[in-house]
Amino acid sequence: MEKKHLDLRGLSCPQPVLETKNAIENASFDALEVLIDTKTSLENIKRLLSTRQDLKYTVEEGEDFKVSISRTG
Amino acid sequence: MNFFQKHWKIISCGVFIGILATIFQKFGNPANMGICVACFERDIAGALGFHRIPIVQYLRPEIPAFVLGSFFASLVFKEFKPRGGSLPLVRFFLGFFAMLGALVFLGCPWRAFLRLAGGDWNAIVAILGLIVGIYIGIQFLKKGYTLGRNYSAYKFTGLLMPLMMLGLFLLLLVKPALPTGVPFFSAKGPGSQHAPIILSFAGAFIIGIFAQRTRFCTMGAVRDIILLKDFHLASGVIGLLIFAFLSNLLLGQFNPGFTGQPVSHTNHLWNFLGMVLAGLAYALAGGCPGRQLFLAGEGDIDAGVFVIGMITGAGFAHNFAIAASPAGIGPFSAHAVIIGLLFCIATGFFMRKRLA
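Protein sequence lines, in the order shown, are assigned to chains H and B.
Residue numbering for the first sequence follows this note's numbering, starting at 9 and increasing by one per position.
Residue numbering for the second sequence follows this note's numbering, starting at 7 and increasing by one per position.
Rather than coming from a laboratory, the hints here were simulated on the basis of the structure.
A hint or two may mislead.
One-sided and incomplete, this derived list gives chain B residues near chain H with beta-carbon spacing under 8 Å [what the hints assert, rightly or not]:
id, residue
1, N156
2, H238
3, A240
Where a beta carbon is used, it is the ideal one built from N, C-alpha and C, also for glycine.
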């Protein structure tokens, strides 16, 4: 399983959520790790993921936020 | 979870802004201009002498209060994060041209919705223009438009905008009598109409806190519907619109019509195109004028540069006969809007990069 990484730190709204959306809608998507650095981006990405029952995710909080997204089941 | 449970915070923020704006008007702010980020920054530019139009000069305390409220909230909730370096000069010009567009219509998006809530039907054309401008911005975003990332900055840099705003507020309180006459305060016209300072500042400070927490943004509201089919931010704007309307009804401030509307003109073409320009500039900069103030408060110095661009644009717009007035658009309104649109379109075209 290939894991993609996206570093979306420091980007203006809505680029973090938009790039995440593009990545998870890509046919070859298996697993994705997104790095962001504001709560706002995290909230936006969570809202996006809440519309997708076929995906699950975990969030690691540190200096930045790391969101790991994968398919359920 | 139903819609209201999920979005009650942002809806409350919009409702609060809507009601408070009408109350500010009741207590003295200009009609259908209880709050207008563009107009108030223009009044500040006038008070500082950046333009010399005698009727629009006042150190509006709402603007400093928005930034300081957001600054306060970001400190309390540990979101104060000084950051910058994402093409500030481009952001300056986006702010500059956004202001030119806003002053051709006579209002920021907040005021567009407040004008609509007060019965000024000219706002409908402007809101359509806003939507079209944001739609164009979205096309650029889809093609990979980006101004690049920002980076963490020294703590002190994040204090610059809050400190500048504190300075403006102190200038209002102290009103120093300088030989040049600055700061200027209008004796008549919209600049002379204002609510008590304490009410404006305290109310706007609370808005700053709410808006920092909820990320309230009128441009984002339209953008997220079109781009992400997400109605979160829009629910806040709809709350603002409905409750400003109801509050206007209660306070006797609802006067429907096209003509004779306060601080407004009926040139639909340029109301529309002015807001296309402004909407596009906000979309490319990632936030409406209000949102830029709240971002500046939480340490985003690029947003601060956008704000300075807007204030500069306000001075320029009045000095160069670009700003409209109730008599209609200015002699150079059309030129400015066209140049601004060309700048924004060039920005959208030339600044793109696929990130992934």
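> Honestly, which of those hints from before does the structure not fit?
Replying inline: Violated: hint 3 alone.
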